[in-house]
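K.L.:
Residue-level listing of the chains:
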Amino acid sequence: MNPTRDLVVVLALLGASAIVPLMGGDYWIGVGISTFMWVALTQSWSLLSGLSGYVSLGHVVFYGLGTYIVVTSWEVVPIAVALALAAGAAAVFAFVTGMPVLRVRGPYFVILTFGIAELVKFVVMAAEAAAGNASRLILGTPQIETLFFLMLGLAAAATVLAWGVRVSRLGHGLRAIREDEEAAETLGVPVARYKLLAFVLSACIPGAVGGVMALRNTYFEPLQAFDPMISFSMIAMAVIGGSDDLRGPVVGTAFFVFLSEMLWANAPQVYMMMLGILLVLFVLFVPEGLCGRLFRARTA
Amino acid sequence: MIDTLASGQLLFAALALGATYALVALGLNLVYGTMRLLNVAHGDLVMLGGYITYWAFALGGVSPLVSLLGTAVAAALLGVLAYRLLFRAMLGARGTGPRVEANSLLLFFGLSIVVQNLAALIFSPTPRGYEYLSDVLHFGNVALTGNRLAALLVAAALCLAVVLFLRWHTMGLAMRALMEHREAAAVVGVDIDRIQLASFAVGFGTAAVAGALVSMTEQVSPFMGFPFTVAAFVVIVMGGLGRLEGGMAAAFALGLLETYGVALTSTNWRSILLYGTFVALLLARPQGLFGRPAVMR
Chain S
547 MNPTRDLVVV
557 LALLGASAIV
567 PLMGGDYWIG
577 VGISTFMWVA
587 LTQSWSLLSG
597 LSGYVSLGHV
607 VFYGLGTYIV
617 VTSWEVVPIA
627 VALALAAGAA
637 AVFAFVTGMP
647 VLRVRGPYFV
657 ILTFGIAELV
667 KFVVMAAEAA
677 AGNASRLILG
687 TPQIETLFFL
697 MLGLAAAATV
707 LAWGVRVSRL
717 GHGLRAIRED
727 EEAAETLGVP
737 VARYKLLAFV
747 LSACIPGAVG
757 GVMALRNTYF
767 EPLQAFDPMI
777 SFSMIAMAVI
787 GGSDDLRGPV
797 VGTAFFVFLS
807 EMLWANAPQV
817 YMMMLGILLV
827 LFVLFVPEGL
837 CGRLFRARTA
Chain Z
42 MIDTLASGQL
52 LFAALALGAT
62 YALVALGLNL
72 VYGTMRLLNV
82 AHGDLVMLGG
92 YITYWAFALG
102 GVSPLVSLLG
112 TAVAAALLGV
122 LAYRLLFRAM
132 LGARGTGPRV
142 EANSLLLFFG
152 LSIVVQNLAA
162 LIFSPTPRGY
172 EYLSDVLHFG
182 NVALTGNRLA
192 ALLVAAALCL
202 AVVLFLRWHT
212 MGLAMRALME
222 HREAAAVVGV
232 DIDRIQLASF
242 AVGFGTAAVA
252 GALVSMTEQV
262 SPFMGFPFTV
272 AAFVVIVMGG
282 LGRLEGGMAA
292 AFALGLLETY
302 GVALTSTNWR
312 SILLYGTFVA
322 LLLARPQGLF
332 GRPAVMR
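If you read the sequences in order, they're chains S and Z. For the first sequence, the working numbering gives the first residue as 547, with consecutive numbering after it. For the second sequence, the working numbering gives the first residue as 42, with consecutive numbering after it.
These are computed hints drawn from the structure, not numbers from a lab. Wrong hints could be hidden among the right ones.
Stated by the list, open to error - Residues from chain S that keep clear of chain Z, each with C-beta distances beyond 10 Å, as calculated:
1. R551
2. V554
3. L557
4. G561
5. G576
6. A626
7. G634
8. F641
9. M671
10. L685
11. T692
12. A738
13. L805
14. E807
Said to hold, decoys possible - A few chain S positions that, by computed beta-carbon distances, are all more than 10 Å from chain Z:
15. N548
16. L560
17. I565
18. V566
19. M569
20. T618
21. S619
22. P624
23. L631
24. V638
25. F639
26. G710
27. A730
28. N763
29. A800
30. Q815
What the hints assert, rightly or not - Pair ranges (Cβ atoms, derived):
31. R739/S / A99/Z: 56 to 66 Å
32. G101/Z / Y573/S: 42 to 52 Å
33. E224/Z / G576/S: 52 to 62 Å
34. A130/Z / N548/S: 30 to 40 Å
35. V642/S / Q50/Z: 57 to 67 Å
Because the structure is a prediction, the values reported are computed rather than measured. Every residue gets a Cβ at the ideal spot worked out from N, C-alpha and C, and that includes glycine.
Using the sequences and the hints given, assemble the complete structure.
P.N.:
What follows is the structure, encoded as C-alpha cells:
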C-alpha cells in the first residue's frame with residue numbers, strides 16, 4: 547500500500563474529469579457533481595471509520611447541518627462564507643458530540659451515531675414546523691458549472707485530507723486503535739485526542755458538501771437533507787471499494803454512481819435493494835473491499 | 042388538559058404501547074443475548090408481520106387474531122433461513138467477537154434496507170390500515186377500542202409465555218445459559234447451534250406478532266420498522282440482558298413516557314422523545330447494554 551502513489555492517481559483522475567463541462571451537457575455535469583459528492587463523503591467517512599474502526603452510521607448529520615446552514619443563511623452572507631460556516635458548524639457539532647459519543651464502542655457506537663442523526667433530523671423538522679416552514683426554496687443559486695468545480699474541489703480536498711491523515715502519526719495511531727484500543731493506549735497513543743481529531747476532520751467536508759448540494763437542489767426539506775440513506779450509501783460505497791485505501795472510495799463511488807444513474811430515477815427502491823444486497827455479499831465474502839482484494843491478489 | 046392526562050384512556054394507551062414494546066424487545070434481547078448480534082432489522086419484522094396481517098384481512102377476511110399464528114410461523118421460518126444462510130457460518134468458527142459484531146451489524150443493515158425497499162416496491166409506500174374491533178367499549182369512565190384491548194392482552198400473554206418458557210423449559214434454560222456464559226454452556230453440553238437457531242426463530246416470530254398487533258390499531262408502511270428497533274434498544278438498555286422482567290418494566294416506562302410526552306407537547310415530539318431517550322441512555326452507559334464484562338467474555 548502506497549498512499550502517496552494512490553493520492554497522485556486519485557488526484558489525476560479528478561483533474562482529468564475537469565474537462566467534463568467542456569464536453570458534456572448539463573446531464574454529464576450533474577453526474578460529475580454526484581460522483582464528486584460521493585467521493586468527498588466516502589473519503590471523509592473512511593478517514594474516521596476505515597482507519598479507526600469506529601463505524602459511523604450517522605455521517606448524514608454533518609451533511610444535513612451543512613445544508614441547513616447554507617439554506618438559512620442564504621442572501622444573508624456570501625456563498626463562500628456560508629460554505630465555510632457549513633463546514634465549521636459540522637466540525638463544531640462533531641467536536642461537541644464527539645467527546646461523549648466516542649467513549650461508546652463497537653456496535654453501540656454505530657447505532658448511537660445513527661440515533662443522533664435521526665434525533666437532529668427530528669429536531670430540525672420540529673424547528674422548521676414551529677417556524678411555519680414545510681420546506682425552503684432558495685433562488686438565484688450559482689450556475690451548475692460553478693457547483694461542479696466546487697464539488698470537484700471538495701472531492702480533491704477530502705482526498706488530500708485523507709492522505710495527510712494516513713501518512714501522519716494520527717493515521718498510525720488510528721490504525722492502532724482499530725486493532726486494539728487498550729494496547730494502543732498502553733503504548734502511549736493519545737487515544738481520546740486522536741479519535742476526537744479524526745471525528746472532527748471527517749465531519750467538516752461533509753458539512754461543506756451538504757452546503758453545495760443545497761445550492762444544487764435549491765430547496766431544503768429536512769427529511770431529504772438528513773436522509774439516513776446518505777449515511778448508509780457512504781458505508782456501502784466504502785465497504786465495497788475498500789475502506790482502508792485512498793482509492794477505495796473512488797472505486798466504490800464509480801460503481802454506485804453508474805448503478806444509480808441507471809436506476810435511481812426510475813426505480814429508486816431497486817437501487818437501494820441492490821445497495822443492500824451488495825453490502826451483504828461484500829461483508830460476507832469480500833470484507834476487505836475491492837481495493838483490498840485487488841491489492842492482495844497482486845502481491846500474492 | 043388535566044382531564045386528558047388524568048383520564049384512564051391515556052393510561053390505557055400507554056399500557057398498550059408498553060406491551061407492544063415489551064414484545065418487540067423480547068425478541069431483540071434473545072438474539073442479542075445468545076449471540077451478541079445486534080439485529081437492526083428487528084423492526085422490519087414488525088413491519089412484515091403487519092403486512093401479512095393486513096393482506097390476510099384485506100384479501101381473505103381473516104381475523105388478525107387468527108392469522109397471528111401463521112404470521113408467527115412465517116417469521117420464525119424467515120429467522121431459521123436467515124440464521125442458516127447468513128449468520129451460522131460467521132458465528133461458527135470463532136464464536137463472537139468485535140469483528141463478528143461489527144460485520145453482523147452491517148449485514149443486518151444491508152438486510153434491513155433490502156426488506157424495506159422490497160416492501161415499498163411490492164406494497165407501494167402508501168400506508169395501509171383496516172378496521173377491526175374498532176368499536177368503543179366503556180369501562181367506568183374509561184373508553185377504549187376493542188382492538189387496543191386485544192393487542193394489550195395478546196402481547197402481555199405472549200410475553201408471559203416467553204418468560205415462562207425461559208424459566209421452565211429445557212430449551213429456555215439453555216438459552217439463558219448461553220446468555221450468561223457461552224463457553225460454560227458449551228461445556229455442560231448445550232447444543233449451541235440449535236439454541237442459536239431457536240433464538241432466531243423465537244425472536245423473529247415474536248417481532249412479527251407484535252407487528253400483527255400494531256396493524257390492528259395503526260397503519261402499516263414499509264419504513265415503519267426502525268422506530269420499533271430503537272424503542273426495543275431503549276428497553277433492553279434500561280432493563281438489562283436476559284432480564285426479561287426488567288425489560289418489561291422498562292417497556293411500560295417507555296410507553297408511559299412516549300404517550301404522556303406526546304399528550305403534553307405535540308405529535309411532532311414523538312420521535313424526538315424516542316431518539317432523545319435512546320441517545321441519552323447510551324451516553325449515560327457507554328459500556329453498552331451490559332456493564333458486566335467479566336461475564337461477557
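K.L.:
Which of the numbered hints above does this structure break?
P.N.:
Those not satisfied are hints 9, 30, 35.
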